[in-house]
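Novice: Sequence:
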Amino acid sequence: MGQKRTTRRAIRALRRIRGYAVVAALAVSAPLVVPGTAVAAGPPTAAQQWDTLKAELTGIKGVWTDQSYAGAVSNTMPNTALLGNGDVGVTSAGSTGVKTFLVSKGDFWNANPTPRPAPIGGVTLTGTTAQPTGNLALGARATASSTEGSFTPDRAVNGQWTNGYEGWVSQVGKPQWITLDLGAVKSVARYVVRNDNAARPGNAAFNTKNVAFQTSSDGSTWNSVDTVTNNTADVIDRTVSAVSTRYVRLNITEPTQSTTPDSTQNPRARIGQIELYAQGGTTPPPAAPFREEQNIVDGTVTTSMSLGNTPVSMKTWLAADRNVLVTSVTSTGTQPVQLQASTYAGATTPNSAYSNSAGVDGQVMWAERATASGSRWVSRGALATTVLGASAVQPPTVSGATARTVFTLPAGATVRLVTQIGGGGQNLAAPHNDAVTQVRTHTAASLATLDTQRAEWWKTYWMQSGVELGDAVLEKYYYAAQYFIGAASRAGKTAPALYGIWTTTDNPQFNGDYHLNYNAQGPFYGVYSSNRPELSLPFHETILAYVPEAQRRAKQDLNRVKPDYISRRFPSGGVPAGVLFPVGIGPYGTTTDDQYHQQVSNSLFSASQFVAYYEYTQDTDFLRNKAYPFLSQVASFFESYLERDSAGRYSLWSGPHEGTWGQNSSADLGLLKQTLSTLIAASQKLNVDAGRRATWQTILDNLPAQPTTVFNGKTVYSLVSPGTMQGSDTRDIHPGDNTINLEFIQPADQLGINSDPAKLRIGVDTVDAMNSWGQDNSFPKIFAQAARVGYPAQSLIDKFKQVITSRIAPNLRIADPSHGIEKSGATEAVNSMLIQSDQGIISLFPVWPAGKNASFWQLRQKGAFVVSSAKQADRVSYVDVQAKAGGTLKLKNPWGSGTFTVTNTSGAAVPFTTANGVISVQTTAGQTYHILPA
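Here the sequence shown is numbered in our numbering, starting from 13 and rising by one per residue.
None of these hints come from the bench; they were simulated from the model.
Nothing here was measured: the structure is a model prediction, and the numbers come from that model.
Please note that the accuracy of each hint is not assured.
To be verified - Here are the computed lysine-lysine pairs in the BS3-like style, where the Cα-Cα straight-line distance is at most 27 Å:
1. K883 - K902
2. K904 - K771
3. K904 - K864
Stated by the list, open to error - Across the chosen pairs, the derived CB separations fall in these ranges:
4. A484 - Y577: 47 to 57 Å
5. T464 - R819: 33 to 43 Å
6. R581 - S909: 50 to 60 Å
Where a beta carbon is used, it is the ideal one built from N, C-alpha and C, also for glycine.
Throw the hints in and build the complete structure from the sequences for me.
Specialist: Right, here's the structure in full:
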């Protein structure tokens with residue numbers, strides 16, 4: 013017999029392999045045959061799909077080849093390798109020959125006087141002997157002429173120097189000095205002084221100007237070995253004739269440049285780090301090659317480096333649902349090596365109001381940190397660490413807030429450094445006790461189980477959805493962004509704030525809080541269509557916890573929004589009902605930034621995420637118990653706040669940008685329309701508040717259209733009604749700034765791919781007029797806003813990639829000076845290029861370049877439809893739809909006038925209708941539908 017003919021159904025199924033459509037794969041009885049080949053396998057199994065995806069994810073990683081750990085200690089989001097399980101955040105840090113993991117916890121927040129997250133401490137591993145050409149000053153006993161607050165001299169020799177770091181800072185006055193006791197006589201041939209501007213750009217005025225490098229045999233009588241005058245450099249790096257000494261001093265006669273009023277009037281010594289070396293030369297060779305990788309595929313950090321002159325390999329991971337941090341250390345050397353493990357409480361830039369302690373319990377080391385006391389809660393976090401599998405483990409010792417132990421790692425052997433993280437929350441007493449108890453339960457077998465569960469958790473996470481774009485830059489951003497939000501947010505835990513759950517300083521910018529005029533909502537913009545809506549649940553709980561205070565503010569604090577306007581309209585200073593949120597809040601119903609900036613939109617931005625969760629999941633319980641009560645509170649506020657003229661038309665005064673004021677702020681209008689339309693439909697579905705529906709509908713029907721203006725001869729969407737803007741910049745549109753005038757498109761969903769073409773044209777022209785592609789605030793939204801209005805596809809991709817390439821940090825996050833986890837929100841842009849639901853109709857590949865193949869699987873759309881599809885050679889090869897909640901599926905026919913079939917998982921034909929180019933299918937909850945060209 014001749015070669016078997018490939019059936020049409022088999023060919024269609026084979027096409028889906030490229031698109032990973034496994035969960036919805038068509039059942040095929042006949043074998044698949046690729047012409048000219050042997051019989052092929054059937055539709056891809058879950059294992060085949062995972063193998064393909066795993067290979068792609070394995071290639072997307074952060075990589076470091078030096079031990080500077082730049083950006084580990086940051087008042088924003090760190091730039092080094094990150095791990096997270098939605099509760100605990102782990103940040104890679106250290107220095108040459110020193111490996112540290114900084115530990116924070118999502119619910120470890122200071123409350124007094126202002127709520128803000130804080131780090132708990134860290135775990136460090138190092139050799140007990142200095143490495144060849146290593147820093148002799150590391151860990152030396154440091155004293156100084158004076159100290160400003162918590163910036164003590166030991167900070168200049170702790171090896172934790174990195175971007176944003178402040179080491180030793182003296183009090184005002186000169187001269188100043190800092191002395192190091194090396195513990196024994198050592199030969200020194202080079203010294204390095206890292207000045208303030210080296211770690212904190214913009215502070216060159218505080219660089220040390222005049223300093224003498226001095227040595228002593230007794231710590232009393234000093235000999236000047238080298239003198240530097242008129243220095244302006246960020247780093248002083250000097251080679252000297254080798255000198256044998258135990259004591260070293262920097263005698264600083266001019267601590268600043270005296271080029272600014274502050275540096276002239278308040279001269280302080282500011283030394284970020286001091287390094288001493290036995291050999292001269294500016295770039296001593298590393299003891300061994302260093303390489304660290306952040307592996308998003310399975311949530312691990314792998315490190316190759318030298319500890320105590322011995323090469324080692326390390327694998328560090330965080331358990332998926334238990335707060336256990338594990339570092340496996342394997343010697344690749346030929347001799348045993350003595351190592352020191354330590355656990356400490358504290359921060360690189362400490363708040364003196366926090367308390368730090370440490371202790372030992374048998375072979376377990378523990379450290380505990382407590383936030384400031386006051387009228388609100390005190391949070392306590394704890395680390396308990398033990399070493400498994402080592403030999404010659406010495407009894408742990410304690411010094412200050414650090415507990416240490418020394419052990420031997422035989423050649424070729426593996427030990428595990430196991431740390432249990434405990435505490436957080438409010439007023440928990442002595443959490444180190446429970447952490448110590450928990451860490452003792454771990455064995456090699458139990459850790460192996462946790463390791464397997466961690467890998468399985470990430471596999472399950474990645475299999476929830478995916479894309480194949482044929483573009484390495486877009487895919488790197490897309491999957492890394494999914495990694496960060498997946499690591500930062502978990503149902504039942506405290507929501508990630510501005511910088512996720514990775515806090516490495518006691519002074520995060522903007523209090524590291526939840527900024528409600530888009531920043532706190534931004535991280536979740538893409539989770540719904542990415543089929544991971546559960547990641548947004550902690551955000552909803554944070555908002556709901558604040559509702560009682562927001563209700564009080566609506567009644568009593570509204571006057572502060574804009575006193576001249578509010579007092580005229582509301583003599584009592586508030587409205588009868590509803591909610592009013594300030595710009596910054598914390599967990600547990602607390603306030604962090606008690607300002608309104610003349611804005612009343614914070615509740616509306618929050619409402620958009622309640623709407624999105626319901627629309628994409630159709631979760632009626634969530635609607636009834638969470639979304640509807642909150643949305644109705646938001647509506648209650650605006651029922652009173654809106655102005656109504658004699659013709660029954662409504663208007664709204666607010667600030668589109670912070671500190672501005674105008675009529676019919678574009679974002680406010682769009683978000684209010686979204687809230688009201690959702691409430692009307694929800695009240696009908698839940699059969700509640702029939703009496704309020706007419707009010708909501710009347711408001712909705714009489715709100716103005718989104719304001720427009722003319723810019724450079726083209727009609728564009730305006731920030732406010734033209735000519736009404738008040739403030740320092742009264743233009744109707746602010747090109748190059750935050751795309752607030754387009755937030756009615758996304759996240760408010762008031763304009764989409766199926767809208768009036770004339771309005772879409774205005775949208776495209778507005779995107780061009782704004783030209784805000786690289787504006788820091790706009791990243792989570794402008795690319796999605798552009799996709800929603802049908803911006804030219806290749807141009808959109810090119811602009812997106814340009815920003816990604818210029819802003820991507822070593823750990824694959826999109827970095828800027830102020831923002832953090834919100835950058836994950838731009839995954840919505842990628843999804844919106846591939847699929848959109850607008851006005852109840854799903855469109856496939858609406859903004860994708862001609863001639864460019866792409867595929868996606870299990871992207872979720874409004875109505876709880878989970879869709880998989882592929883486009884090859886400008887033709888959609890299949891559509892698979894899982895109807896999670898049933899209802900009518902409406903799909904814009906991707907084949908135009910061509911014929912197609914609709915079947916279920918049994919292969920049975922399913923009835924459908926077509927009208928105006930839209931395929932309509934009545935679906936059943938839980939059923940999967942296959943739509944194929946005939």
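Novice: A separate judgement is required for each hint: does it hold in the structure or not?
Specialist: Status of each hint after checking the structure:
{"no.": "1", "hint": "K883 - K902", "in the structure": "holds, 19 Å"}
{"no.": "2", "hint": "K904 - K771", "in the structure": "holds, 20 Å"}
{"no.": "3", "hint": "K904 - K864", "in the structure": "holds, 20 Å"}
{"no.": "4", "hint": "A484 - Y577: 47 to 57 Å", "in the structure": "holds, 52 Å"}
{"no.": "5", "hint": "T464 - R819: 33 to 43 Å", "in the structure": "holds, 36 Å"}
{"no.": "6", "hint": "R581 - S909: 50 to 60 Å", "in the structure": "holds, 57 Å"}
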